[in-house]
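4 protein chains.
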Amino acid sequence: MSTIKVAIIGASGYTGSELVRLLLLHPRAELVAITSRGNVGTPLSALYPRLAGIPGADLPFIDADMEAVVASGAEFAFLALPHGTAAAYATTLLDQGLRVIDLSADFRLNDAAVYEEFYGETHPAPHLLQEAVFGLPEVRPDAIREARLVASPGCYPTSIILPLLPLLREKLVDPATIVANSTSGVSGAGKKPDLALLYVECNESVRAYGLPKHRHLSEIEQELSIAAGRPVVISFIPHLTPVNAGIHTTTTATLSGSIGDVTAALRETYSHRPFVRLLGEGGCPDTKNVTRTNFIDIGWHHDSRTGRLLLLSAEDNLGKGAGSQAVQSMNLMAGFPETTGLQMV
Amino acid sequence: MSTIKVAIIGASGYTGSELVRLLLLHPRAELVAITSRGNVGTPLSALYPRLAGIPGADLPFIDADMEAVVASGAEFAFLALPHGTAAAYATTLLDQGLRVIDLSADFRLNDAAVYEEFYGETHPAPHLLQEAVFGLPEVRPDAIREARLVASPGCYPTSIILPLLPLLREKLVDPATIVANSTSGVSGAGKKPDLALLYVECNESVRAYGLPKHRHLSEIEQELSIAAGRPVVISFIPHLTPVNAGIHTTTTATLSGSIGDVTAALRETYSHRPFVRLLGEGGCPDTKNVTRTNFIDIGWHHDSRTGRLLLLSAEDNLGKGAGSQAVQSMNLMAGFPETTGLQMV
Amino acid sequence: MSTIKVAIIGASGYTGSELVRLLLLHPRAELVAITSRGNVGTPLSALYPRLAGIPGADLPFIDADMEAVVASGAEFAFLALPHGTAAAYATTLLDQGLRVIDLSADFRLNDAAVYEEFYGETHPAPHLLQEAVFGLPEVRPDAIREARLVASPGCYPTSIILPLLPLLREKLVDPATIVANSTSGVSGAGKKPDLALLYVECNESVRAYGLPKHRHLSEIEQELSIAAGRPVVISFIPHLTPVNAGIHTTTTATLSGSIGDVTAALRETYSHRPFVRLLGEGGCPDTKNVTRTNFIDIGWHHDSRTGRLLLLSAEDNLGKGAGSQAVQSMNLMAGFPETTGLQMV
Amino acid sequence: MSTIKVAIIGASGYTGSELVRLLLLHPRAELVAITSRGNVGTPLSALYPRLAGIPGADLPFIDADMEAVVASGAEFAFLALPHGTAAAYATTLLDQGLRVIDLSADFRLNDAAVYEEFYGETHPAPHLLQEAVFGLPEVRPDAIREARLVASPGCYPTSIILPLLPLLREKLVDPATIVANSTSGVSGAGKKPDLALLYVECNESVRAYGLPKHRHLSEIEQELSIAAGRPVVISFIPHLTPVNAGIHTTTTATLSGSIGDVTAALRETYSHRPFVRLLGEGGCPDTKNVTRTNFIDIGWHHDSRTGRLLLLSAEDNLGKGAGSQAVQSMNLMAGFPETTGLQMV
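Chains as they are written, first to last, in numbering that gives the first Met the number 0: chain A, 0 to 344; chain P, 0 to 344; chain S, 0 to 344; chain G, 0 to 344.
Accuracy of the hints is not assured; some may be wrong.
Copies of one chain are not kept apart here, so a pair can be met inside one copy or by any two copies together.
Said to hold, decoys possible - Restricting the straight-line Cα-Cα distance to at most 35 Å, the calculated cross-link-like pairs of lysine-lysine (DSBU-like) are:
1. Lys170 / Lys212
2. Lys4 / Lys190
3. Lys212 / Lys191
4. Lys4 / Lys191
5. Lys212 / Lys190
If you are wondering where the hints come from, they were derived from the structure by calculation, not from laboratory data.
Using the sequences provided together with the hints, build the complete structure.
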């Protein structure tokens, strides 16, 4: 079987480490370059002792030097970098003929003005925005297959968009009434030396943050608006809880159709998709069932007393919300079966 | 200073143990009787080694025999029992002249029909429903002072009702749009040998449950309706996260007034109340700041893009949500300063 | 490639669920029967929602009826049952020609009298004790390959025996001075409705238990004595900490040789073994690096001030300490490469 | 009742915050100055929202300027600073007539050469070493009462020294065989922006560290040697586990006397001491019973098979291991009852 050569730019954060784990084990990908400014020369297994003994885990980090990345023979590059930084690397690598899967926010928005509104910076590479494909494999697999540049979605957006999309397309919920409450594990905040992320500060703590206009709203509303065929603006309240990984999202909205229509629309859209598990009406997903996997579990409830739909989802913020979803896109781009290297439990 | 004699009926669960802790340390209460069918004869400190060395911790559990409780000289009795069971004890103790603070659901509802709808049982003592006072000390302190029977509120209801009440009274939010998402620590589920509550099952897990019609909705809607002056029906989604204690509630509703009016109404109602800490517009409460205390912390945000108010609160489900709020009511009933024995950190 | 048919007797506990997970994904094993008295007729994925979508996860539990197990065509059976119960099933299945891997204590001891001393019961099948092979694949792979009956070791014993064995064989530590302090995650206590195992009771808690004569001492001392060529008696202090899985063991003993000899002996014995990772002198293993794997990580230190060796190990109590080690033995018995289905991270 | 004025130098770390909590609530102490370079001008309750609403919590941090501290009228100063830094502040404050309780290592050792051996630095104020009193209130209360300068012990040392001391004095254990395995919560590592202390890095992890010659050995061995009347050298293995606070120590040593003598010696020494709870032979202390208190719980077991004593203790590393023990010393120094402001649960 053919294999592909793959690089990860920015492999020392939590998303980067999840990409490393998946790609080291991927039967059809060979990890040929990993970059981290602070770890040049260090082998992967020294930074991640968990990986010791895995074939390929002695690969050393190199500097974020795109010439070296190109020289490694990489055909695909994952960018696990902060927004604003990723765009320049993407431009260079695309020019050199690599296909790029960017896990930052840089190419998720179609409109540079929205980027500027939400990120407070002029977009660094607006000419690529039209070409970039928002990488939800369940939504636009064909575009991903052909893409040179995939903008892999954020963790919160994936958990909100996937359950809602079929319902907005079928006009089964009132878009003006959507409220999404999400709860994330601490790895979603990144691997950085921040007092607020210390064990003692996060343990035995539940709190909301980033209110009222979290940056992820921009991509959430973009995708919901496309599905609804008209502008959708929602309320989004992210919370932090003491788990390492996992996002649970509860979305409420007034029903426009019947709960049976909701069930039908979700089944129609997802029952043949390998990574969406529909728990059915009455189902309550649990983050512990999806950690370290590419699954998103979805359940729904009819709150008949208020006429609302309660839509619940669970995913791993580093998995379906970041690393494994990006690998799922890579599988599509490379012509591999979508589940290659991802079927885990 | 005068002191009162106090009994706890059902002192072996989590709420009971919090009452024990508070009352052992209370400078004006003497714990004279504690009941637990499974622990008759065992001293408090044997079941709760944490209490060893505290004066009074050698008090032995007795059976739930109301004659013995009366004989102990108790003037006040706390009932930390399942709903349906508490009512009979309350009736007996009231007949014997004790004042009763019931932490079950038995006397929280004004209407026996609503009790039957939500609890699936005929109310065991409907003649007491009109007399019982729903025990939110911030809402009706005078009625509590005079009460023979206080129905201390549930943990979720306290966290939802207190922030909303001034806003509904002033008609600052649209009652038809209220959605409350709550996250509770595991002690809220009680101390019972249930596989779903094992450490391994709850750790690294976030999940919703009890949808769409949690029993606590009955008392929530009763109190919100009184404040609004008309029937209020809301959506309520409780979640479980891996912390021992603490409830975080995020309530959203469409604003009818200005955010300034919201701030004014909350300050007007609560700025002089010792256990409500207003974090102001933009504030994000954190459960870790309220555990083991009687505080409820409240913050609020204007989601101007959607016209919604985001109302956040944090309390300890065993504290302001159960045990310490009940002691706060006892202080009022006994004529003590409201904060007696509760000012902790 | 040839595959084998496999049954799990007692598949609803934590060890059973880890076996299920590994065997469902095992490329050369087919899970044909799973038993659980309390879950007859329930498909695997209903008890373990995490497994939903995995091929084979719709297999229903059957009663612990050995005729049905034999009828399933199973060639190998794993017993994940309490001690005392496992022996009878083993006898029946061996008589029917199956090969048995028992994860209980029933066949770990060579001497029925020691079993009676430590377990307080007459051994239920003493005639099988000589045939049973104590299943440490790193110690006696050839005997395991040929075995009809493998007694897979306990979680604590694996973590203590593997690091010590080469040192006792080479007489590098004084056997009379061995003290092993182990710390286990809560899953080691099993999946049972016990108040002491509730989330709230285990969270924010560290405690020792089972002192001074934990049952696992019997198999630990048996294996250490064989290696030392004389009776070895040690002190063993198990502790419980709030992690789901993982055992960390710190063993101290007076050095008889040099620290260089220790390093040499460990390298000689283990450097070619795929599941033992030697972190070297000065290395500190961390349970988080081995969870959900079959690895045991080992580090060692020379405490020159006292003349002691500090020997540290980390493993997953459900992995190398139970489920995956049993599968490793199965791989040997079936003639598969030892790592088949186990190389995970 | 008379009160004293108190300052805390370095009040923004975990030990500092515990001192703040205790002294704000202390009925006979008034907190008049708190220093933190990074938080000058910030009120206490802004850094510690948990303290909001507590009288005195609006006190602003000042710079670590000893003139200002003296000007505040403080009679007692607590130093919660890194070793090497504390000594200079102590010297200045003593010169100004304050009494000083230092929670760093600077004055714990009698011998400047040992300080240099373990801390790698010349001692900054050797002239004060003979005057400084090692502040274990259970060991030398009279010296503490009179002291100008108390060196409050480290968290690990307290947990090891207190149980062993009576046994060494009575020659009931062989000093050459002492091995102490301790497990600490993460707050013991301090509040600093270190990737290794992030939530995700510490959660689901158990690991040893600081081997083989942890700095705390110096004070442990000093105190054990004084008690034994001859030099004692021990092995000490500290571990980190995912709890916020709490230290569990398991000490093993060969018994020289009978287990009955052990029980008698411990009871003789501690049964009248308010903060030492003896759980008796067979007792297993649990860190969850001592968190946020000044208690140390001690249990012991006779391992008759090996002739060893198993000695277990649990304390809060921020409580009896740091902040509350320092306040206990202050109570003695000020002539208050020893338990003033400390009796909590």
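Going down the list of hints, with the structure as the test:
For the identical chains of this complex, Lys170 and Lys212 are neighbours both inside a copy (25 Å) and across copies (25 Å), given an alpha-carbon limit of 35 Å. Only within a single protomer do Lys4 and Lys190 lie at most 35 Å apart by alpha-carbon distance; the minimum there is 26 Å, versus 42 Å between protomers. For a Cα distance limit of 35 Å, the shortest separation of Lys212 from Lys191 qualifies both inside one copy, at 23 Å, and across copies, at 30 Å. In this assembly of identical chains, the alpha carbons of Lys4 and Lys191 lie at most 35 Å apart only when taken from the same copy (29 Å versus 40 Å across copies).
For a Cα distance limit of 35 Å, the shortest separation of Lys212 from Lys190 qualifies both inside one copy, at 23 Å, and across copies, at 30 Å.
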